[in-house]
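Given these sequences and hints, build the entire structure.
Chain by chain, the residues:
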Amino acid sequence: MQSAEPIIELVGLGKEFHTSNGPIKALDDINLSIGRGEIFGIIGLSGAGKSTLVRCINYLEVPTSGTVLFENKSLTAMRPREQRLARQSMGMIFQQFNLLAQRNVLQNVCFPLEIAGVSKKEAVDRAMELLEMVGLSDRSKAYPSQLSGGQKQRVAIARALATKPKILLCDEATSALDPNTTKSILGLLKEINKTLGVTVVVITHEMSVIEAICDRVAIIDQSHIAESGCVADIFSEPKSKIGRQLILGEATERAIQFGESKRVRITFDGRSSFEPVLSNLILACKVPVNIIHAETKDINGTAMGQMVIQLPEDELDQNRILNYLKTAKITHEEVKDL
Amino acid sequence: MIFDAATVSMLKLGIWETLYMTFTSSFFAYLIGIPLGIILIVTDKDGIFPIPWFQRILGLIINLLRSVPFIILLIMVLPITKMVVGTTLGASAVIPPLVIASAPYVARVVESSFKEVDAGVIEAAKSMGASPLQIIWKVLLPEAKPSLLVGAALSITTILGYSAMSGFVGGGGLGDIAIKYGYYRYQTAMMFATVAILVIIVQIIQEAGMKLSRVSDKRIK
Numbered sequence: 108m109q110s111a112e113p114i115i116e117l118v119g120l121g122k123e124f125h126t127s128n129g130p131i132k133a134l135d136d137i138n139l140s141i142g143r144g145e146i147f148g149i150i151g152l153s154g155a156g157k158s159t160l161v162r163c164i165n166y167l168e169v170p171t172s173g174t175v176l177f178e179n180k181s182l183t184a185m186r187p188r189e190q191r192l193a194r195q196s197m198g199m200i201f202q203q204f205n206l207l208a209q210r211n212v213l214q215n216v217c218f219p220l221e222i223a224g225v226s227k228k229e230a231v232d233r234a235m236e237l238l239e240m241v242g243l244s245d246r247s248k249a250y251p252s253q254l255s256g257g258q259k260q261r262v263a264i265a266r267a268l269a270t271k272p273k274i275l276l277c278d279e280a281t282s283a284l285d286p287n288t289t290k291s292i293l294g295l296l297k298e299i300n301k302t303l304g305v306t307v308v309v310i311t312h313e314m315s316v317i318e319a320i321c322d323r324v325a326i327i328d329q330s331h332i333a334e335s336g337c338v339a340d341i342f343s344e345p346k347s348k349i350g351r352q353l354i355l356g357e358a359t360e361r362a363i364q365f366g367e368s369k370r371v372r373i374t375f376d377g378r379s380s381f382e383p384v385l386s387n388l389i390l391a392c393k394v395p396v397n398i399i400h401a402e403t404k405d406i407n408g409t410a411m412g413q414m415v416i417q418l419p420e421d422e423l424d425q426n427r428i429l430n431y432l433k434t435a436k437i438t439h440e441e442v443k444d445l
Numbered sequence: 027m028i029f030d031a032a033t034v035s036m037l038k039l040g041i042w043e044t045l046y047m048t049f050t051s052s053f054f055a056y057l058i059g060i061p062l063g064i065i066l067i068v069t070d071k072d073g074i075f076p077i078p079w080f081q082r083i084l085g086l087i088i089n090l091l092r093s094v095p096f097i098i099l100l101i102m103v104l105p106i107t108k109m110v111v112g113t114t115l116g117a118s119a120v121i122p123p124l125v126i127a128s129a130p131y132v133a134r135v136v137e138s139s140f141k142e143v144d145a146g147v148i149e150a151a152k153s154m155g156a157s158p159l160q161i162i163w164k165v166l167l168p169e170a171k172p173s174l175l176v177g178a179a180l181s182i183t184t185i186l187g188y189s190a191m192s193g194f195v196g197g198g199g200l201g202d203i204a205i206k207y208g209y210y211r212y213q214t215a216m217m218f219a220t221v222a223i224l225v226i227i228v229q230i231i232q233e234a235g236m237k238l239s240r241v242s243d244k245r246i247k
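In the order they appear, the protein sequences are chains A and B. Our numbering puts the first residue of the first sequence at 108, with every later residue one more than the last. Our numbering puts the first residue of the second sequence at 27, with every later residue one more than the last.
Each hint should be verified, as a subset may be incorrect.
Here are the computed lysine-lysine pairs in the DSS-like style, where the Cα-Cα straight-line distance is at most 27 Å [as the list claims (entries may be wrong)]:
hint: 1; chain 1: B; residue 1: Lys171; chain 2: A; residue 2: Lys132
hint: 2; chain 1: B; residue 1: Lys171; chain 2: A; residue 2: Lys227
hint: 3; chain 1: B; residue 1: Lys71; chain 2: A; residue 2: Lys228
Computed footprint of chain B on chain A; a stretch qualifies when at least three of its residues, placed anywhere within it, have a C-beta under 8 Å from a C-beta of chain B [stated by the list, open to error]:
hint: 4; segment: 193-199
hint: 5; segment: 209-215
hint: 6; segment: 218-225
I should point out that these hints are in silico values taken from the structure, not numbers from a laboratory. Think of the CB as a built atom: it goes at the ideal place given N, C-alpha and C, for glycine as much as any other residue.
Right, dumping it as structure tokens:
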């Protein structure tokens, strides 16, 4: 969970690319604070700027404005050599794993240690320890081409952790993996966060990844942070349009096919998911409703549900239902721009 | 048709001279070409140490050298040859022009091998805090090794082809024999014999290069 002390702070961060079609703003006035020890998610659609954002954190991309603070030290003010040293405290994993194809698993994990100037014996010991942790100690002599996607990402995780970084940046780390493998990799990331206390920053376009492991999330849209906060809060009450889109997902498109009458989104926290909210509503109001979308998800051990219902066209009936929801203290909001 | 002993020993010397010219020149061409190839890729605008204006000028010089036909270059660099080797005749005298002609070619071949290295892997190395030199030594060179070996087979056979032209300036080797006997004295059999030997040498070099590349490539299971 988030502690008060930030490990990464982005202040007024901006990045402009110069292309043949003129300058393109990939990031604009990004302000974020990532707490030590938390799992922080950054979600956005492709092209929103999230990959650029994560590369600004370790200065693989040099921002054109603003500052990056890592443990209160400005990366912007550092010389290249100091930046490289700082990067040894920040591990990174990628969508395409990016393992060295001509090195075997053990040599891949030893690679960052070689760069850091660690002695060979020490490096091998540390690498074996990490391979043990990711469950691949028996494949240490295999080459990346002999591994499955999930195994490759495990090697990449072991490699990223070799220099004992304080933060692990994950750039779409599960996007090339099947659902089951994704689950196990996310589990591994969560375990690393818990046992080693490594801060994890997760970049993704999938809400399910955020729900599965993140404590807090920032939603990025069109180079800006649309909103950020606790995952549970954002999930139950997304304030931005893009937030609603990402959380409702496909329901957005499906809902449009229904009539013009009023729609309401109800969210359930752990408490109300044990109550038959909808049945009670229908019995109390004696009015039918149309269920457009419903789902329950497990967010950090709490069952979170959401449902979009369509109300009858009669205004009296509508008000009766809305009043009921209000008096029953059920979190709800009218859905307009779906 | 059977050659007499004198002809056979002449052909043997020709083979030796051709191999000597080819491999000595290839060695020096790679000595110059690999660093040039690395500089080309590293200083590219998307490289790990971009100096675009320098990269463009270097690329231009390399292209200029590559556009001079070898037969003309052979004559143009005669003064340099005289200075370096002390003579303008014999197999050794062909080495300076061969190196000058092939080093830019090798630089381009090496550059294209480095270009094949996955940009993601280089980015990963950067994310671990690798310096440009470490990236060259620990990522670019080892990751490009199989491709560099294929490129070497290509370069060496091309240099072998160049070396055959040295006959025109009395450079020795199989090409020299082909011109002296096959062309000036109309000994068609000699012409075919030298060509056949050249074909075999090219085959051996090409196959050896491909084999070495395959064996060294860990991407193949």
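Okay, the hints, checked on the actual structure:
no.	hint	in the structure
1	B:Lys171 - A:Lys132	39 Å, violated
2	B:Lys171 - A:Lys227	23 Å, holds
3	B:Lys71 - A:Lys228	38 Å, violated
4	193-199	holds (count 6)
5	209-215	holds (count 3)
6	218-225	holds (count 5)
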